[in-house]
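Engineer: Sequence:
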Amino acid sequence: MGKANDNKKSWITAGYALFGDIGPEALNAEKLSNIVGLSRSSFYYYFKTMSGFEAQLLGKHIENYKLFGELMSGYTKFEQLFSKEIMVHKSALSFQRQLLINRSVERYLECSQSCRQFTESKTFELWTKLKNIDPDSKEEWELFKSLRDFYFVHYGQSDKDPQDILVLLHRYLSTSS
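The sequence shown: position 162 = 193 (our numbering), numbered continuously.
Don't read these hints as lab results, they were simulated from the structure. Where is the CB? At the ideal position from N, CA and C, for every residue including glycine. A hint or two may mislead.
[Claimed, not checked] As a list, the in silico DSS-like pairs of lysine-lysine whose alpha-carbon atoms are at most 27 Å apart: (1) Lys79 - Lys62; (2) Lys115 - Lys169; (3) Lys162 - Lys108; (4) Lys91 - Lys115; (5) Lys108 - Lys34; (6) Lys79 - Lys91; (7) Lys108 - Lys40; (8) Lys121 - Lys97; (9) Lys176 - Lys108; (10) Lys97 - Lys169; (11) Lys176 - Lys97.
[Said to hold, decoys possible] Between beta-carbon pairs, the in silico distance windows are: (12) Glu94 - Tyr182: 47 to 53 Å; (13) Leu140 - Asp37: 48 to 54 Å; (14) Glu137 - Glu170: 27 to 33 Å.
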């Protein structure tokens, strides 16, 4: 049972990373088989279909975002969102980016929105505290969502480390009111 569980985890780990790096078009049993070093029949044994595999990946992503939410629950300052503790989970940020880019696919949009429930209100709370602005302001909420989406769409698309991009964003937010 241990080896089978390890094999299944290998498929999911590889698929999660590949989806985050390239997007859903990268999910291919042959390509994944080459990455994990297991046969394609093994893939179908564990997941039956590509849809079944994708459902497992989306479930893993929701679990990862629950962990983010738990990590963030004790945060009191916006700067803590840039911690190495968060940046250890870069693959989840890349996966979230792909969900946003491919949000025209309903299941991706639903997964992205499900994940946001674990982090978004805390992030907005910290942002409004940093900026000393009204947390009930609809305008600030819309600006926050736009900046959040901009960040995710551009995440990993430059030679800058994602943490450096967050620090630049933080500096911008710190100097503008």
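Engineer: Give a verdict on every hint.
Structural biologist: Okay, the hints, checked on the actual structure:
1. Restraint check: the Cα-Cα separation between Lys79 and Lys62 comes to about 16 Å, which is no more than 27 Å; the hinted pair holds.
2. Of the pairs offered as hints, the one joining Lys115 and Lys169 is violated, with about 31 Å between alpha carbons and a cut-off of 27 Å exceeded.
3. Note on Lys162 and Lys108: the hinted pairing holds, with a Cα-Cα distance of about 11 Å set against a maximum of 27 Å.
4. Proposed proximity of Lys91 and Lys115 is supported: the alpha carbons are some 21 Å apart, at most 27 Å.
5. For the given pair, Lys108 sits about 43 Å from Lys34 by alpha-carbon distance, which is inconsistent with the 27 Å threshold.
6. Using a Cα cut-off of 27 Å, the hinted pair Lys79 and Lys91 holds, with the two alpha carbons roughly 17 Å apart.
7. Of the supplied pair hints, the one linking Lys108 and Lys40 is violated, its CA atoms being roughly 35 Å apart against a limit of 27 Å.
8. Taking the CA atoms of Lys121 and Lys97, the gap is about 15 Å. The hint holds against a cut of 27 Å.
9. Only pairs whose Cα atoms come within 27 Å are accepted, and Lys176 paired with Lys108 is accepted, the gap being roughly 19 Å.
10. For the hint linking Lys97 to Lys169, the alpha-carbon distance of about 26 Å falls within 27 Å, and the restraint holds.
11. With a C-alpha separation of about 19 Å, the suggested pairing of Lys176 with Lys97 holds against the 27 Å cut-off.
12. Range check, Glu94 to Tyr182: Cβ separation about 22 Å, and the 47 to 53 Å hint is violated.
13. A hinted range of 48 to 54 Å for the beta carbons of Leu140 and Asp37 is inconsistent with their spacing of about 32 Å.
14. Range check, Glu137 to Glu170: Cβ separation about 29 Å, and the 27 to 33 Å hint holds.
Checked against the numbered hints given earlier, this structure breaks hints 2, 5, 7, 12 and 13; the rest are met.
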